[in-house]
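For the sequence shown, full-length UniProt numbering gives the first residue as 1, with consecutive numbering after it.
It cannot be assumed that every hint is accurate.
Ranges of calculated distance between the beta carbons of each label pair, as one might list FRET restraints [to be verified]:
1. Lys-537 / Leu-613: 25 to 31 angstroms
2. Gln-708 / Leu-613: 50 to 56 angstroms
3. Lys-597 / Val-223: 55 to 61 angstroms
4. Gln-251 / Ser-599: 17 to 23 angstroms
5. Pro-558 / Ser-234: 41 to 47 angstroms
6. Glu-216 / Arg-154: 21 to 27 angstroms
Simulated crosslink set (DMTMM-like; lysine to aspartate or glutamate; CA at most 25 angstroms straight-line) [unchecked claim]:
7. Lys-417 / Glu-496
8. Lys-305 / Glu-258
9. Lys-385 / Glu-634
10. Lys-703 / Asp-691
11. Lys-243 / Asp-170
12. Lys-530 / Glu-496
13. Lys-507 / Glu-490
14. Lys-238 / Glu-258
15. Lys-325 / Glu-258
16. Lys-633 / Asp-651
17. Lys-373 / Glu-329
18. Lys-456 / Glu-341
19. Lys-373 / Glu-455
20. Lys-334 / Asp-304
21. Lys-703 / Glu-634
22. Lys-335 / Glu-358
23. Lys-492 / Glu-517
24. Lys-450 / Glu-412
25. Lys-238 / Glu-282
26. Lys-597 / Glu-329
27. Lys-325 / Glu-496
28. Lys-597 / Asp-651
29. Lys-611 / Glu-575
By construction, these hints were calculated from the structure, which means they are not laboratory data.
Beta carbons are placed, not taken as given, at the ideal position from N, Cα and C, and that holds for glycine.
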Amino acid sequence: MLSSVVHSQNSPPSLPLQWPSPWPTRAQHASRPAIGALTPLLPVGSGSPLATSAPRCPRTWFLSRGFCRVLLPASFPLWHLSHRSLLNSPVFLLLLLPQILAGQWERGGHGRASDWSSHTGAGQDVGRSCILVSIAGKNVMLDCGMHMGFSDDRRFPDFSYITRSGRLTDFLDCVIISHFHLDHCGALPYFSEMVGYDGPIYMTQPTQAICPILLEDYRKIAVDKKGEANFFTSQMIKDCMKKVVAVHLHQTVQVDDELEIKAYYAGHVLGAAMFQIKVGSESVVYTGDYNMTPDRHLGAAWIDKCRPSLLITESTYATTIRDSKRCRERDFLKKVHETVERGGKVLIPVFALGRAQELCILLETFWERMDLKAPIYFSTGLTEKANHYYKLFIPWTNQKIRKTFVQRNMFEFKHIKAFDRAFADSPGPMVVFATPGMLHAGQSLQIFRKWAGNEKNMVIMPGYCVQGTVGHKILSGQRKLEMEGRQVLEVKMQVEYMSFSAHADAKGIMQLVGQAEPENVLLVHGEAKKMEFLKQKIEQEFRVNCYMPANGETVTLPTSPSIPVGISLGLLKREMAQGLLPDAKKPRLLHGTLIMKDSNFRLVSSEQALKELGLAEHQLRFTCRVHLHDTRKEQEMAMRVYNHLKSVLKDHCVQHLPDGSVTVESILVQAAAHSEDPGTKVLLVSWTYQDEELGSYLTSLLKKGLPQAS
Numbered sequence: 001m002l003s004s005v006v007h008s009q010n011s012p013p014s015l016p017l018q019w020p021s022p023w024p025t026r027a028q029h030a031s032r033p034a035i036g037a038l039t040p041l042l043p044v045g046s047g048s049p050l051a052t053s054a055p056r057c058p059r060t061w062f063l064s065r066g067f068c069r070v071l072l073p074a075s076f077p078l079w080h081l082s083h084r085s086l087l088n089s090p091v092f093l094l095l096l097l098p099q100i101l102a103g104q105w106e107r108g109g110h111g112r113a114s115d116w117s118s119h120t121g122a123g124q125d126v127g128r129s130c131i132l133v134s135i136a137g138k139n140v141m142l143d144c145g146m147h148m149g150f151s152d153d154r155r156f157p158d159f160s161y162i163t164r165s166g167r168l169t170d171f172l173d174c175v176i177i178s179h180f181h182l183d184h185c186g187a188l189p190y191f192s193e194m195v196g197y198d199g200p201i202y203m204t205q206p207t208q209a210i211c212p213i214l215l216e217d218y219r220k221i222a223v224d225k226k227g228e229a230n231f232f233t234s235q236m237i238k239d240c241m242k243k244v245v246a247v248h249l250h251q252t253v254q255v256d257d258e259l260e261i262k263a264y265y266a267g268h269v270l271g272a273a274m275f276q277i278k279v280g281s282e283s284v285v286y287t288g289d290y291n292m293t294p295d296r297h298l299g300a301a302w303i304d305k306c307r308p309s310l311l312i313t314e315s316t317y318a319t320t321i322r323d324s325k326r327c328r329e330r331d332f333l334k335k336v337h338e339t340v341e342r343g344g345k346v347l348i349p350v351f352a353l354g355r356a357q358e359l360c361i362l363l364e365t366f367w368e369r370m371d372l373k374a375p376i377y378f379s380t381g382l383t384e385k386a387n388h389y390y391k392l393f394i395p396w397t398n399q400k401i402r403k404t405f406v407q408r409n410m411f412e413f414k415h416i417k418a419f420d421r422a423f424a425d426s427p428g429p430m431v432v433f434a435t436p437g438m439l440h441a442g443q444s445l446q447i448f449r450k451w452a453g454n455e456k457n458m459v460i461m462p463g464y465c466v467q468g469t470v471g472h473k474i475l476s477g478q479r480k481l482e483m484e485g486r487q488v489l490e491v492k493m494q495v496e497y498m499s500f501s502a503h504a505d506a507k508g509i510m511q512l513v514g515q516a517e518p519e520n521v522l523l524v525h526g527e528a529k530k531m532e533f534l535k536q537k538i539e540q541e542f543r544v545n546c547y548m549p550a551n552g553e554t555v556t557l558p559t560s561p562s563i564p565v566g567i568s569l570g571l572l573k574r575e576m577a578q579g580l581l582p583d584a585k586k587p588r589l590l591h592g593t594l595i596m597k598d599s600n601f602r603l604v605s606s607e608q609a610l611k612e613l614g615l616a617e618h619q620l621r622f623t624c625r626v627h628l629h630d631t632r633k634e635q636e637m638a639m640r641v642y643n644h645l646k647s648v649l650k651d652h653c654v655q656h657l658p659d660g661s662v663t664v665e666s667i668l669v670q671a672a673a674h675s676e677d678p679g680t681k682v683l684l685v686s687w688t689y690q691d692e693e694l695g696s697y698l699t700s701l702l703k704k705g706l707p708q709a710s
């Protein structure tokens, strides 16, 4: 039978901790107590980095909360480890949708958001990318896109879903734009100038340069169709871009004292970036759109082994593994060549920058080699703009273009000329690159309507088309389309889909997950059935939780924080001086005091900790009762204990004191009568924390009983 009592001196006073709501505004967050306000003095056993072996006696226990196992004396006040940002700090996210069902936005009585997160836009869908991430009390919005399948109010996210109070500046810490495609930035002027946001907007320099041009082109198309009502103006685009802060690749940007972001190369298009958002030990990586395969003008996406709490990745091609790029290029050139040889016209809908340059380089090289005479045209002005920006941002291109750019500019085309609207009615073969890429508006749709009725012509769709666009309809097999004014357009021209998309395929997504090694994965920017397949593959291969919330669905993502601890050099030297050989099967314990100050943890010697903190030594003394059946008097019992310990503990100083007690180092053993059973004696064994190992051994030794007297 074994019981324990703990005696302590100089116990630290209890502190009343009052933490704010875990979903604060920026003003509330600024007033929150710093982590360094608590400076605990905590004895720990340390392994990798702070793991300890199993306790040897029941007077200690482990407090385990994901990041380390801490050895606590029984009376240690637990308030030292109660801060929510250190223990069980979940990552929350909220994705936005233009149509919000009533009753989906509900908070608890105190506005607590720590119980939920909601995924309500770009979930199991492509287009209108807009994600709100709340991480350790910081709120970051990722992308601000529009949906190309709609021309009414549904094209933009419903930002009132974030907060009903109106302006969002006090709620959001920052906005990040991954690249210049409209499904990722098309709602930005509406969001900042019409809804109201004055905070920082982060994007790369190429995105900052190209984004306003595409926004203005989109604005002109939308205004031509629907008028100025409820749409942003040219001045709003300019005012919006004044709030942009440019980010360099691999540059760590400190948004505030706690929030930092870092950009990684994403491929996809010029200037596209993946972003890491970090608050303390918690981090989220948002990929935006990316491509893990290099092409003719851009390199492959890359990210280091950052091990984020959550990886949010696109899943556009979740079930596709692309065939050989050379085979696709050969097939593309063959179809184009056959069409112009028979006198037909080829329409290639593209976006202004990205796949357009890829295919232009391919056709330019083929026309030069084959000495073909059929004209190739590109939308007016876009060729010049593309050439200008690729010159300006040449470091973002692949290695081959960077090496040869001085001798030969790959974007100065000999066979590709600017397109004029009158050319669409010209007889004879031609190839036309026209924007936009999904045939939802603009010059590409105008040319398509003129050429669709001739079976000699061909339209080649080189990228993904969102549901609701003309491109999606013809790829789905529709041959009679209802256009504006209820006119029916019969499609007789050949329709081909050839994937030159710069999105990662299933193999590339799996490659990125393996590269980043996240704790959780969340799939966005894809279709439900395809995402479900990829979700299962990720969970099977990487053994991590994978989520694919639908619009309006709520999901909570708990994380296991990893807290870095600096170890005193003096403490390490003292441990190494003991000369013990490392044993792979047994953890080597490093004993010291854990100090938390200015949001940092350090493990130092107890003497150094007391000196730094100006504290008196906190002494703990443990007392255990060992019950033994013995009818002798207490003095005889104590003498038997002395003789037994002296014979066993030959390397220690064992003393028999005049009062009848026995000491071994700081350990004190006293014999007493049992209050109820005269035939039982009680041995009171007590020791300080410093002699925990010896005290535990001695207790177990006495528990086995004393040898019989000879």
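**Request:** List in ascending order the numbers of the hints, as given earlier, that are violated by the structure.
**Result:** Numbers 1, 9, 13, 14, 15, 16, 20, 23, 24, 25, 26, 28, in rising order.
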